[in-house]
Amino acid sequence: MAAVTLSSGEAGTGQARGDRTARMGACLERARNGETAALSEVVRELNPLLWHVARGEGLTAEESADVVQTSWLELLRRLHDIRSPLALTSWLVTATRREAWRARERSRRQAPGGGEQLEAIPDPDPGPGELLLSDERDQTLWRHFQRLPERCRVLLRMVAHVARPDYSAVAEALGMPIGSIGPTRGRCLAKLRAMLLADPGWSR
Amino acid sequence: MTDPADLPLDDEDQAILDRLAGVDTLLDPPPADLDERVSFAIALDSLDAEVARHTEQITVGSGARSSERTQTITFDADSRAVMITIVDQADGLLRVDGWLAPAAAMRVELRLPEPAPSWTVTADSAGRFAFDGVPHGIAQLLVHPPEDDISPRVVTPAFTL
Numbered sequence: 001m002a003a004v005t006l007s008s009g010e011a012g013t014g015q016a017r018g019d020r021t022a023r024m025g026a027c028l029e030r031a032r033n034g035e036t037a038a039l040s041e042v043v044r045e046l047n048p049l050l051w052h053v054a055r056g057e058g059l060t061a062e063e064s065a066d067v068v069q070t071s072w073l074e075l076l077r078r079l080h081d082i083r084s085p086l087a088l089t090s091w092l093v094t095a096t097r098r099e100a101w102r103a104r105e106r107s108r109r110q111a112p113g114g115g116e117q118l119e120a121i122p123d124p125d126p127g128p129g130e131l132l133l134s135d136e137r138d139q140t141l142w143r144h145f146q147r148l149p150e151r152c153r154v155l156l157r158m159v160a161h162v163a164r165p166d167y168s169a170v171a172e173a174l175g176m177p178i179g180s181i182g183p184t185r186g187r188c189l190a191k192l193r194a195m196l197l198a199d200p201g202w203s204r
Numbered sequence: 001m002t003d004p005a006d007l008p009l010d011d012e013d014q015a016i017l018d019r020l021a022g023v024d025t026l027l028d029p030p031p032a033d034l035d036e037r038v039s040f041a042i043a044l045d046s047l048d049a050e051v052a053r054h055t056e057q058i059t060v061g062s063g064a065r066s067s068e069r070t071q072t073i074t075f076d077a078d079s080r081a082v083m084i085t086i087v088d089q090a091d092g093l094l095r096v097d098g099w100l101a102p103a104a105a106m107r108v109e110l111r112l113p114e115p116a117p118s119w120t121v122t123a124d125s126a127g128r129f130a131f132d133g134v135p136h137g138i139a140q141l142l143v144h145p146p147e148d149d150i151s152p153r154v155v156t157p158a159f160t161l
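Chains as they are written, first to last, in the numbering used here: chain A, 1 to 204; chain B, 1 to 161.
In short, the hints are calculated from the structure, not lab data.
Be a bit skeptical, because a hint or two may be false.
Far from chain A, some chain B residues (derived; all Cβ distances over 12 Å) [what the hints assert, rightly or not]: (1) A21; (2) T70; (3) L93; (4) L94; (5) A105; (6) L112; (7) P117; (8) T122; (9) S151.
Where chain A lies over chain B, by a calculated footprint (3+ residues, C-beta under 8 Å) [unchecked claim]: (10) 33–42; (11) 47–61; (12) 78–89.
For every residue, glycine included, the Cβ atom is placed at its ideal position computed from N, Cα and C.
If we strip away everything but chain A, and leave its shape as in the complex, we get (with noise of 0.2 Å):
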């Protein structure tokens, strides 16, 4: 099952990649006209990565909510200034961090006792993690996932909701070090990819 869904989506994905840029930019432009509704498709392509660069900096799930709620308010009054998709993706997610910093420092400052009760859940257990998943490969995948350094893991899971023409764009806005995230692998992923490969559970 898991070989049908990978080559039905090699197939599609040159043309999506070209259809998904240009849609995102014609809702741009319907944006920036006066329509914002327009935004809706871009707020679920994007939500995800946003969502995911928020908790990355350690916000609890309903902070990292109102971080990226806040962010795309922002974005309203700069829509003019932003010119492309590829543009929007990375002004979105510079933004998003700036907002996690602030709404961090402000928690901090918030909490008696200078914040010890702040950030309990940032990532999830590895062991209530895997059983949740049914799927078998879901679960060689998250075993191998866990055994990365942390640094890696924060990296692959906000790579992870990256749409591929974006990689370049985000890397910048995340601040990373070129390769770490597309056009090559980079440590982390070859790293993953390693262990995967060597597992009869991922690789049948």
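Fit chain B to the given chain A structure using the hints.
Leaving out everything else, chain B in the frame of chain A:
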């Protein structure tokens, strides 16, 4: 020999990343209504408004007797803060009391999802305003300065009443 880390991404890499995205979303999903909340919040008539941050939320009392529950939310913008207190009414609707700081007799708009119309009141000179009989659900506040006032319009994120 080439370091595997320097090789271009291929379809196997993409398959790993796609599956990781799926697993990550299963284990740490964004709130189910996040897309809806964002789409509602940004569907505004005018793009130029100062964005207030949701900075504090305090809930007093739990649901045993609904009339006992009071929620206070603070939104901070550079030019002004908007604070609201939400109280459950006996009829199942809500009363929203709010104030603007610094105080100003400005129009305050409570935006609700369509087809509900927006609801506008004017704050008194102490900056106080109130909405009576508000339905539960998603909402957003906008503060409109009078035309002869150069203060910016302020918009809050969408929040759940």
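Going through the hints against the structure:
A Cβ of chain A approaches the Cβ of A21/B within 12 Å, the least distance being about 4 Å, so the stated non-interface status is violated. Taking the minimum C-beta to C-beta distance to chain A, about 19 Å, the non-interface status of T70/B holds against the 12 Å cut. The Cβ of L93/B lies farther than 12 Å from every Cβ of chain A, with a closest approach of about 25 Å, so its non-interface assignment holds. For L94/B, the shortest C-beta to C-beta distance to chain A comes to about 20 Å, beyond the 12 Å cut-off, and the non-interface label holds.
At the 12 Å boundary, the C-beta of A105/B stays outside the reach of chain A, the nearest C-beta of that chain being 25 Å off. Against chain A, the non-interface label of L112/B holds: every CB pair exceeds 12 Å, the least being about 16 Å. With a minimum CB-CB distance of about 17 Å to chain A, P117/B clears the 12 Å threshold, and the non-interface call stands. Consistency note on T122/B: stated as away from chain A, and its beta-carbon is indeed over 12 Å from all of that chain's, at 24 Å minimum.
For S151/B, the requirement that its beta carbon stay farther than 12 Å from each beta carbon of chain A is met, with the minimum near 15 Å. Taking a C-beta to C-beta cut-off of 8 Å, the region 33–42 of chain B contributes 7 residues in contact with chain A, enough for the three needed, and the coverage statement holds. Check on the region 47–61 of chain B: 8 of its residues sit with their Cβ under 8 Å from a Cβ of chain A, so the three-residue criterion for coverage holds. Counting residues of the region 78–89 of chain B whose beta-carbon sits less than 8 Å from any beta-carbon of chain A gives 0, not enough to reach three: the coverage restraint is violated.
Of the numbered hints stated above, those contradicted by the structure are hints 1 and 12, listed in ascending order.
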